[in-house]
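*Asks:* Position chain L relative to chain E; hints supplied.
There are 2 protein chains.
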Amino acid sequence: MQLHKFVRVLLLLAVLGSTLAVAKDGSGDEQAIRALDAAWSQAAGAKALDKTVSFYADDASLLPSNAPIANGKEAIRAAWGQFMAMPGFSISFAPNKIVVAKSGDLAYEIGTFQSTLNDAQGKPASSAGKYVVNWQKRAGQWKVVADIFNDDK
Amino acid sequence: MQLHKFVRVLLLLAVLGSTLAVAKDGSGDEQAIRALDAAWSQAAGAKALDKTVSFYADDASLLPSNAPIANGKEAIRAAWGQFMAMPGFSISFAPNKIVVAKSGDLAYEIGTFQSTLNDAQGKPASSAGKYVVNWQKRAGQWKVVADIFNDDK
Chain E
36 MQLHKFVRVL LLLAVLGSTL AVAKDGSGDE QAIRALDAAW SQAAGAKALD
86 KTVSFYADDA SLLPSNAPIA NGKEAIRAAW GQFMAMPGFS ISFAPNKIVV
136 AKSGDLAYEI GTFQSTLNDA QGKPASSAGK YVVNWQKRAG QWKVVADIFN
186 DDK
Chain L
36 MQLHKFVRVL LLLAVLGSTL AVAKDGSGDE QAIRALDAAW SQAAGAKALD
86 KTVSFYADDA SLLPSNAPIA NGKEAIRAAW GQFMAMPGFS ISFAPNKIVV
136 AKSGDLAYEI GTFQSTLNDA QGKPASSAGK YVVNWQKRAG QWKVVADIFN
186 DDK
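Keeping their order, the protein sequence lines are chains E and L. Throughout the first sequence, residue numbering follows this note's numbering, covering 36 to 188 in sequence. Throughout the second sequence, residue numbering follows this note's numbering, covering 36 to 188 in sequence.
Just chain E, with the same shape it has in the complex (with noise of 0.2 Å):
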């Protein structure tokens, strides 16, 4: 019975030691951006429009490689379309590195992308690249307020 106690008490500890852990470095809201993201990407290769533009903010900034940056959700609405239209698209993307602020309420991460365009003949050509993407939580719900990326070569 002792011992049956002991493992009890031992159980509560670690199971209030990692709720205390997930609360002190962000990890939950680290896990909310990742699964935002796996999302977000899931849309935008499948050319879901509307799914991929919905991540942002109202007031977000999309900054693309070779393009004038485009401030408000109807000019990256412009943009993620022009994007899609381009014969042979595809992208693909993910975080390596999430940050959260001790308050909660901004994020940034660094992260990879691979995407495939058609070349002049008419062949895919891949390329890759690199992204910042910076989030806010507006309404206790993680937006993109600002994305740019560039590619590697």
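No wet-lab data here; the hints were simulated from the structure. Since we're looking at a predicted model, the values are computed, not measured. It is possible that some hints are incorrect.
The list treats identical chains as interchangeable, and a pair is accepted whether it falls inside one copy or across any two copies.
[Unchecked claim] Calculated lysine to any residue pairs in the SDA-like style (CA-CA distance at most 20 Å, straight line):
1) K132 x D94
2) K82 x A163
3) K137 x S62
4) K86 x A70
5) K137 x Q171
6) K86 x K108
7) K178 x Q66
8) K188 x N106
9) K132 x D93
10) K108 x D94
11) K137 x K178
12) K137 x R173
13) K86 x K178
14) K188 x G116
15) K178 x S76
16) K137 x G63
17) K86 x R112
18) K132 x P103
19) K137 x D64
20) K132 x Q77
21) K108 x N131
22) K86 x A74
23) K188 x P99
24) K132 x G107
25) K172 x D140
26) K86 x G107
27) K137 x Q176
28) K178 x A129
*Replies:* This is chain L only, laid out in the frame that chain E set:
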């Protein structure tokens, strides 16, 4: 005398109000980051390599256009050294928007840059672009932790 006292109370309220405003919206942090940006841009424009690299955290990442990610201060120094060694190199940049986390430990900024390099004929060719820089407070001092940019054209 009554009027005199009234004016003093008004002045006191004004001072208190502005102090509270600074504490609440983090504009003290924003101003600190703007001052760092001004010094950083000046250092980069003057090709002061040590000074330019000093604004980064030891574990920062630089994500340049058309080049791989540079992780850590040594790799960042090498990348900036290559930029500065290009014939006709000059650069200046400044933020348009700075957002600071409520906890005052993380911030991001969106800005624009103008750079010049000599073209194949040795003539100065200017280009304009945009960037996102993430700052993190380390031991009470704001340091760049992620720096990514790309061209407008």
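*Asks:* When no copy is specified for K137 and K178, does a C-alpha distance of 20 Å or less occur within a copy, between copies, both, or neither?
*Replies:* Result: close both inside a copy and across copies, 17 Å intra and 16 Å inter.
*Asks:* Is it within a copy, between copies, both, or neither that the alpha carbon of K132 lies no farther than 20 Å from that of Q77?
*Replies:* Within one copy only: 19 Å inside, 30 Å across.
*Asks:* Taking 20 Å as the upper bound on the Cα-Cα distance, should K82 and A163 be classified as within, between, both, or neither?
*Replies:* The answer is within: 18 Å in one copy meets 20 Å, while 30 Å across copies does not.
*Asks:* Between copies, within a copy, both or neither: which fits K188 and P99 at Cα up to 20 Å?
*Replies:* The answer is both: 15 Å in one copy and 10 Å across copies each meet 20 Å.
*Asks:* As a check of your reading, is K188 near G116 (CA-CA no more than 20 Å) within one copy, between copies, both or neither?
*Replies:* Between copies only: 18 Å across chains, 24 Å inside a chain, cut-off 20 Å.
*Asks:* Check K108 against D94 for me: Cα-Cα at most 20 Å, and say if that holds within a copy, between copies, both or neither.
*Replies:* within (7 Å within a copy, 33 Å between copies)
*Asks:* Measure nothing new, just compare the shortest in-copy and cross-copy C-alpha distances for K178 and S76 to 20 Å and report within, between, both or neither.
*Replies:* For K178 and S76, the Cα distance is within 20 Å only inside one copy (14 Å; across copies 30 Å).
*Asks:* Taking 20 Å as the upper bound on the Cα-Cα distance, should K137 and Q176 be classified as within, between, both, or neither?
*Replies:* Both: 16 Å inside a copy, 16 Å across copies.
*Asks:* As a check of your reading, is K108 near N131 (CA-CA no more than 20 Å) within one copy, between copies, both or neither?
*Replies:* between (26 Å within a copy, 18 Å between copies)
*Asks:* Have a look at K86 and A74 and pick one of within, between, both or neither, based on CA distance no larger than 20 Å.
*Replies:* This pair counts as within: shortest intra-copy Cα distance 9 Å, inter-copy 41 Å.
*Asks:* Cα distance capped at 20 Å. Does K132 pair with P103 within a copy, between copies, both, or neither?
*Replies:* Intra 26 Å, inter 16 Å, cutoff 20 Å: inter-copy only.
*Asks:* I want to check one pair: K178 and A129. Are their C-alpha atoms no more than 20 Å apart within a copy, between two copies, both, or neither?
*Replies:* within (16 Å within a copy, 25 Å between copies)
In summary, the structure agrees with every hint in the numbered list given earlier.
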